[in-house]
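Residue numbers (this note's numbering), protein chains in the order written: chain A, 1 to 326; chain B, 1 to 413.
Source of the hints: derived by calculation from the structure; they are not laboratory data.
There's no promise every hint is true.
To be verified - Calculated Cβ distances over 10 Å to all of chain B for the following chain A residues: (1) Glu6; (2) Glu23; (3) Ser65; (4) Pro142; (5) Arg253; (6) Glu316.
Stated by the list, open to error - In silico BS3-like links for lysine-lysine, alpha-carbon gap of 30 Å or less: (7) A:Lys190 - A:Lys171; (8) A:Lys2 - B:Lys391; (9) B:Lys224 - A:Lys300; (10) A:Lys2 - A:Lys53; (11) A:Lys2 - B:Lys283; (12) B:Lys242 - A:Lys91; (13) A:Lys2 - B:Lys136; (14) B:Lys107 - B:Lys136; (15) B:Lys300 - B:Lys347; (16) B:Lys148 - A:Lys2; (17) B:Lys307 - A:Lys187; (18) B:Lys13 - B:Lys224; (19) A:Lys2 - B:Lys9; (20) B:Lys307 - B:Lys224; (21) A:Lys91 - A:Lys2; (22) B:Lys134 - B:Lys64; (23) A:Lys98 - A:Lys187; (24) B:Lys391 - A:Lys91; (25) A:Lys48 - B:Lys136; (26) A:Lys98 - B:Lys148; (27) A:Lys200 - A:Lys171; (28) B:Lys272 - B:Lys283; (29) A:Lys238 - B:Lys224; (30) B:Lys300 - B:Lys283; (31) B:Lys347 - A:Lys317; (32) B:Lys95 - B:Lys136; (33) A:Lys310 - A:Lys171; (34) A:Lys187 - B:Lys224; (35) B:Lys95 - A:Lys2; (36) B:Lys347 - A:Lys98; (37) B:Lys9 - B:Lys347; (38) B:Lys64 - A:Lys238; (39) B:Lys9 - A:Lys187; (40) A:Lys300 - B:Lys347.
Owing to the predicted nature of the structure, the values given are computational and were not obtained by experimental measurement.
The C-beta atom is built at its ideal place from N, Cα and C for all residues, glycine as well.
Residue strings, one per chain:
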Amino acid sequence: MKLFSEVYGAYFRCTERILSEGEVTEKRLREIVTQSAFRDSLLFIPEKLIPDKSGNSPWGLLRRSESGSLCSILSKAPPRIITSLQKSWLKAKLNDPKFRLFLSDEDIAALSQRLKDVRPLYNREYFREFDRFTDGDDYDDPHYREVFGTVLRAVRDNELLSLELISRRGKRITKNALPLRIEYSRKNDKFRVYCLTLPKREEYLFNIGRIERAVLTGKHITTETDLEEFFNRRRCEKPVTVEVSGERNAVERFMMEFAAFEKRSELDLATGKCHASVYYDMQDETELLIMLLGFGPVLKITGPEDFLEKVRERVEKQYELFYGNE
Amino acid sequence: MGGFSELIKNFDKTRDYIRDFFIYGFKVRNEFTGKSSRTYDDEKRRAESWLGDFFRYDSTRRGKQVSITVDSGHINENPLYSAYYSKSFTDNDIKLHFMLMDILDGKLMNVREITETLNSTYGQLFDEQTVRNKLKEYVSEGIILSEKKGRTDIFTLSPDTAESFFSRYEGLEDAVKFFSESPEFGIVGNSILKTAGLTNDIFLNKHNYIVHTLEDTVLLDLLKIMEEKRFAVITNFGIGGKATETEGVPLKIYSSSRTGRRYAVMYLPKYKRFNSFRLDYIKSVRSLGVYGEYDDIARKLCRCEEKCFGVSFGERSGESAGGSFRMVLRINEETEGFVLERLEREKRCGSVRKIDRDLFEYTVLVFDINEMMSWVKTFIGRIVSVESTNKRITDKLYRDIARMKRIYSRKEE
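Make a model of the complete structure from these sequences and hints.
Below, the structure is given as structure tokens:
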């Protein structure tokens with residue numbers, strides 16, 4: 001079983017799409033290449049597929065019809081086979097407690113039976129996530145599974161939900177909301193749902209574990225929500241800017257740890273320092289602050305001023321705790 | 001095209017470039033040391049072709065800087081998966097792929113019949129050995145099934161189509177969409193979605209280290225060795241870029257959702273100790289013989305985990321020496337319950353106890369106290385005191401706070 005195989009490759013997939021249509025024009029062929037292969041594939045795939053004047057092509061999978069269009073030489077659309085690697089991946093995922101959020105117990109049993117002779121791609125016991133938070137969601141809880149299922153269905157079908165939930169401060173909240181995307185955090189081991197409340201159109205992120213009741217309203221929202229705009233509204237006004245010193249391997253640590261953030265960085269070769277701007281969701285400000293503090297003196301937060309003020313406050317408090325009012 | 005191809009034979013070389021573009025977004029052309037500029041240009045062009053919109057050019061004082069910029073929390077699909085979809089192949093490979101699937105769908109045939117049909121139906125002349133090799137390869141990939149009829153091998157197409165899975169199990173589509181972005185071989189799930197013509201349009205992943213996918217080939221080799229309880233030789237390219245070979249017994253994969261690093265934990269019989277190796281630094285893995293004491297040593301590792309704060313098994317002396325650590329934190333019980341909750345969920349092998357009003361004690365016994373310190377610093381502003389058997393580390397924390405005070409001093413402005 002090979003992970004890096006042409007069988008899964010963009011060129012095979014793109015060719016499969018073309019052959020599945022049976023007959024295509026050259027224009028349509030190029031459209032499919034543009035949509036399903038890489039940016040420069042137009043320079044490579046058509047010349048391999050389109051027959052020359054004598055009817056030959058390197059891949060020999062299309063012939064030209066009398067009308068000039070290109071026809072598949074196959075008798076039917078190519079079947080889409082699930083390979084051993086893909087089945088063994090499915091078998092491994094079946095053992096993940098989160099898998100139960102998606103399929104009924106009966107279907108899980110039936111799928112397990114179908115894959116009974118397949119070896120799982122890996123054994124979960126070989127993995128240890130040592131800093132995952134211990135208060136993750138309870139995926140075995142029937143109430144949680146039911147709420148998750150309802151939210152998932154609403155996201156899939158663009159259906160408005162009536163939600164009742166308990167806030168972090170213990171306050172009961174009711175909202176009519178259109179769920180847009182479900183977010184999973186592996187650090188928190190929790191699912192959350194991005195919602196747009198109606199009619200006010202406010203952006204919210206709710207923990208699924210805090211939802212007491214989720215009811216499908218039957219109202220389907222046909223207007224498409226611009227997700228980029230949605231997330232932009234949640235984004236910080238100004239990025240946090242930092243200066244990372246070359247000490248304690250800090251640049252490498254910083255680049256790795258903040259790889260999940262959108263950022264711009266530049267290295268100053270003369271000083272060995274890295275200057276970076278980190279963009280973040282406003283709801284994550286405290287999390288970002290403590291992540292940056294974790295670097296100690298090898299990372300200097302340089303702005304924006306309001307963020308810097310919060311850092312100063314904590315550092316000064318800490319200095320007082322260690323050294324008193326010197 | 002001057003010999004340029006979007007496709008590659010070997011994943012490893014490309015893996016390094018993509019990683020450098022992504023993690024170290026600040027490198028310029030002449031900083032990709034040890035590689036010719038032609039190689040750099042080809043690799044950059046390939047990566048740009050695969051990753052398109054995520055590629056970014058910035059002009060800096062040092063030259064044009066290339067990076068891959070991704071807000072990984074807001075993407076439907078890991079763009080680095082594209083690297084896996086770029087394996088090169090021959091014209092015969094692609095011809096045989098589609099023709100064999102067409103011929104063998106619902107039919108049982110032997111190699112001779114298949115070779116003849118390729119000729120009679122498509123006018124393609126293949127020698128029997130070429131066809132036999134491809135059939136063998138596809139049997140091992142599970143695309144084609146084979147059985148013996150007398151002394152002859154008979155082949156047919158696997159009936160396991162994407163449609164047969166997705167139409168039978170309601171919810172499987174969503175499950176694959178979700179797990180296609182998971183850190184453990186999400187690429188395989190993504191390939192299932194591509195096979196079925198689907199895309200993830202439901203799930204997002206926070207704390208998502210998309211670069212992990214580049215380690216999947218090495219990870220798969222390691223997991224196979226663990227399954228077979230074998231010794232292995234890993235070739236490691238560390239920070240200095242110097243290759244080192246280490247022989248040991250791989251036992252587990254440790255990963256951090258906070259720092260984005262993953263490690264292979266190995267037992268090194270020569271030194272009679274456990275050690276962790278960064279997965280992204282492992283170039284290749286070679287399997288050796290079976291290790292007879294595998295189960296005993298795996299049990300020993302489990303016991304050790306009780307004192308392992310992260311991935312370090314400590315040193316006898318110096319900064320990485322183990323021992324006990326105690327920290328007292330000031331947390332307002334009435335208004336800052338959320339901090340206490342954070343301490344509880346992040347404490348790992350340590351324990352928390354209230355010692356006075358608004359004062360909480362965290363104690364732990366670990367192999368390497370130094371490893372804890374970046375976590376300890378996340379409580380800056382609340383740490384009343386720290387004590388440990390490794391005084392060098394606690395002294396360093398006090399010095400760090402004094403340095404930070406100077407760095408953030410208002411007077412400096």
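Hints breached by this structure: 1, 5, 6, 8, 9, 10, 12, 22, 24, 26, 29, 37, 39
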